Amino acid sequence: MAENAVWVYGESRDGEPTAVTLELVSKAAELGDATVVFLGAGAEAAAEIAGRYGAAHALVDPNPSYDEHLALGAVDALHALVTERAPSLLLFGATYDSRDVASRLAARLDCGVVCNCTDVQREGEGYKMLTPWGGDAVAVCELHCAGVKLVLARAKAFAARESGGECRIERFEAQLGASARAVRIVDAVEEAAQGPSLSDAAVVVAGGRGLGKPESFDKVEELAALLGGAVGATRAVVDAGWRPFGEQIGQTGVTVKPSVYIACGISGAVQHLSGMKGSRTIIAINRDPDAPIFRSADLGVVGDVNTVLADLLAEIRTRRG
Amino acid sequence: MRIIVCVKQVPDPEVVQYRVDSSSKRLVREGVEVVLDPGDGVALEAALQLAEAVGDSTLTVVSMGPERAAEAVRRALAMGVALGASAGVLITDPALAGSDARGTAKALAAAIRMREFDLVFCATESTDGYTGMTPGMLAEMLNIPHLSFVRTLECNGRSVTARRVTERGYQVLEADLPALVTIASGSFEPRYPPLRGLMAAKRMQLETLDVAALGLDPEDVGTAGARERVVELQSAEARAAGQVVPDDGEGAARIADLLARVGAL
Numbered sequence: 001m002a003e004n005a006v007w008v009y010g011e012s013r014d015g016e017p018t019a020v021t022l023e024l025v026s027k028a029a030e031l032g033d034a035t036v037v038f039l040g041a042g043a044e045a046a047a048e049i050a051g052r053y054g055a056a057h058a059l060v061d062p063n064p065s066y067d068e069h070l071a072l073g074a075v076d077a078l079h080a081l082v083t084e085r086a087p088s089l090l091l092f093g094a095t096y097d098s099r100d101v102a103s104r105l106a107a108r109l110d111c112g113v114v115c116n117c118t119d120v121q122r123e124g125e126g127y128k129m130l131t132p133w134g135g136d137a138v139a140v141c142e143l144h145c146a147g148v149k150l151v152l153a154r155a156k157a158f159a160a161r162e163s164g165g166e167c168r169i170e171r172f173e174a175q176l177g178a179s180a181r182a183v184r185i186v187d188a189v190e191e192a193a194q195g196p197s198l199s200d201a202a203v204v205v206a207g208g209r210g211l212g213k214p215e216s217f218d219k220v221e222e223l224a225a226l227l228g229g230a231v232g233a234t235r236a237v238v239d240a241g242w243r244p245f246g247e248q249i250g251q252t253g254v255t256v257k258p259s260v261y262i263a264c265g266i267s268g269a270v271q272h273l274s275g276m277k278g279s280r281t282i283i284a285i286n287r288d289p290d291a292p293i294f295r296s297a298d299l300g301v302v303g304d305v306n307t308v309l310a311d312l313l314a315e316i317r318t319r320r321g
Numbered sequence: 001m002r003i004i005v006c007v008k009q010v011p012d013p014e015v016v017q018y019r020v021d022s023s024s025k026r027l028v029r030e031g032v033e034v035v036l037d038p039g040d041g042v043a044l045e046a047a048l049q050l051a052e053a054v055g056d057s058t059l060t061v062v063s064m065g066p067e068r069a070a071e072a073v074r075r076a077l078a079m080g081v082a083l084g085a086s087a088g089v090l091i092t093d094p095a096l097a098g099s100d101a102r103g104t105a106k107a108l109a110a111a112i113r114m115r116e117f118d119l120v121f122c123a124t125e126s127t128d129g130y131t132g133m134t135p136g137m138l139a140e141m142l143n144i145p146h147l148s149f150v151r152t153l154e155c156n157g158r159s160v161t162a163r164r165v166t167e168r169g170y171q172v173l174e175a176d177l178p179a180l181v182t183i184a185s186g187s188f189e190p191r192y193p194p195l196r197g198l199m200a201a202k203r204m205q206l207e208t209l210d211v212a213a214l215g216l217d218p219e220d221v222g223t224a225g226a227r228e229r230v231v232e233l234q235s236a237e238a239r240a241a242g243q244v245v246p247d248d249g250e251g252a253a254r255i256a257d258l259l260a261r262v263g264a265l
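Residue numbers (our numbering), protein chains in the order written: chain A, 1 to 321; chain B, 1 to 265.
Hints listed in this document are in silico derivations from the structure and should not be mistaken for laboratory results. All figures in this text were calculated on a predicted structure; none of them were measured in a lab. Built from N, CA and C at the ideal position, the CB exists for glycine as well. A couple of the hints might just be wrong.
[What the hints assert, rightly or not] To give an idea of the chain B side of the interface with chain A (calculated C-beta under 7 Å), a few residues:
hint, residue
1, 52
2, 142
3, 148
4, 228
Input sequences plus hints: build the corresponding full structure.
Okay, here's the thing in structure tokens:
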């Protein structure tokens with residue numbers, strides 16, 4: 001096995017690596033000899049940028065087929081590469097696309113995947129992965145299988161560091177079978193959102209079931225607008241159809257690390273906490289004094305969320321004159 | 001259309017705070033209220049609406065879990081009795097306890113391979129484990145394409161067309177059958193099971209399968225076969241304890257004070 005060869009499955013858009021890709025590349029460089037794999041149009045341009053963030057080596061296959069079909073081409077390419085070159089670790093960002101690729105690749109390799117990972121540590125010959133577990137614990141996980149270890153890491157778990165290096169770019173051409181074209185992407189539609197994007201907003205105001213009804217989100221939206229922030233939601237209210245999936249904060253959906261996070265009527269399920277725990281200041285409003293969210297809050301107000309929100313909107317308007 | 005829906009029974013996310021057993025390092029499932037995973041209700045609704053649209057369909061509900069998971073299978077069947085939900089399969093065996101996503105997918109794949117199907121429905125992830133790895137692994141083991149994070153879908157009997165949620169909007173996907181789809185949370189509103197459905201589902205004979213019936217090696221699944229192992233539990237880095245105060249009418253002012261202090265006003 002290649003000694004401490006740490007690979008990153010890179011995602012890019014118009015030749016630019018995504019934010020999480022650069023975070024993982026910097027982490028990989030810290031752990032060992034970093035290689036990044038980019039597939040599809042713009043792969044080479046993306047690789048050059050990744051070099052500045054710590055990638056020593058890039059494997060690129062600019063075949064446009066990867067952009068025209070879902071997941072399976074990447075699974076074929078990665079399977080062939082890791083089988084031939086035996087890296088010790090392969091990091092993925094916990095994105096929709098990478099989840100698809102990692103799960104299928106794991107099955108093909110008959111191995112496991114550590115998900116929702118927030119840190120990776122080198123230990124002896126292997127790696128230990130940290131992942132949130134239950135309300136207040138972190139699990140230290142290992143993968144018991146031969147060969148490459150697959151890890152899906154959360155966005156913003158690591159810092160992207162521009163070191164100014166350069167990477168050696170190697171082109172390869174994966175043999176893609178007919179199955180690589182099984183799921184055709186026939187169209188891609190962007191839906192415009194208002195205000196700052198949830199993942200980058202400095203202030204996030206999020207609502208949960210405790211708001212009682214979908215209409216109560218009007219106040220959440222108002223507060224977000226007043227503070228120049230974005231609106232977020234828990235999985236429970238997304239499941240209930242109150243809010244669109246794009247606002248979901250947590251394990252699936254968006255990870256946020258704003259300066260200020262205001263949780264309105266959110267109890268603080270693990271799956272939600274892991275998507276916002278990194279926020280600098282957390283304010284929570286909830287009726288239940290035992291709600292787990294209060295254990296993560298800098299300020300918790302126990303009371304009726306709709307009343308407190310109405311008071312808060314009035315208070316802010318008064319102070320601003 | 002021959003439809004299979006995979007479901008899971010989970011601790012009720014509305015009432016319980018998940019606890020982890022410190023010795024087994026697994027989720028405590030004993031003595032807690034359990035329900036059909038709400039995400040599976042959404043996937044099931046998607047399947048039922050498709051069955052309604054194409055007509056003449058059969059729907060099989062498959063689950064893995066302890067014996068009491070039969071309740072979740074019956075709950076799912078009750079939702080769909082009028083639309084051809086006629087068969088329930090419960091995979092249950094002590095040897096499967098402690099399975100990771102791979103072990104679960106192996107068992108589901110073995111049970112699904114025993115029948116003919118056109119489309120398999122899953123939630124994108126469970127509400128208790130929420131890794132979202134099982135559906136992709138299952139599709140790979142069944143050697144069929146999978147369309148993930150689907151929020152709407154149509155099917156013409158030969159192929160499926162779906163809208164898939166992306167970070168910026170959606171993609172339109174097409175694949176030939178058989179295929180597996182995962183339904184994004186919140187995309188469909190699960191119907192309430194009719195009383196007639198609940199009664200009928202109660203009387204239905206479920207097929208139960210153990211490791212031997214599935215042709216699996218007990219050493220390759222469950223705790224013994226798990227690739228993902230928790231070796232240690234640490235307390236999460238605690239945030240400095242904050243202040244929790246009752247709303248005595250001053251709650252909003254206190255929040256505004258803090259917002260002003262951190263420069264957010």
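For each hint, the structure was consulted:
1. With a least beta-carbon distance of about 19 Å to chain A, the hint placing residue 52/B at the interface is violated under the 7 Å criterion.
2. Annotation: residue 142/B was flagged as interfacial toward chain A, and the flag is violated, the nearest CB pair being 10 Å apart, outside 7 Å.
3. Among the interface hints, the one on residue 148/B holds; its C-beta lies about 5 Å from the nearest C-beta in chain A, closer than the 7 Å criterion.
4. The interface hint given for residue 228/B holds, since its Cβ lies 4 Å from the closest Cβ of chain A, which is under the 7 Å cut-off.
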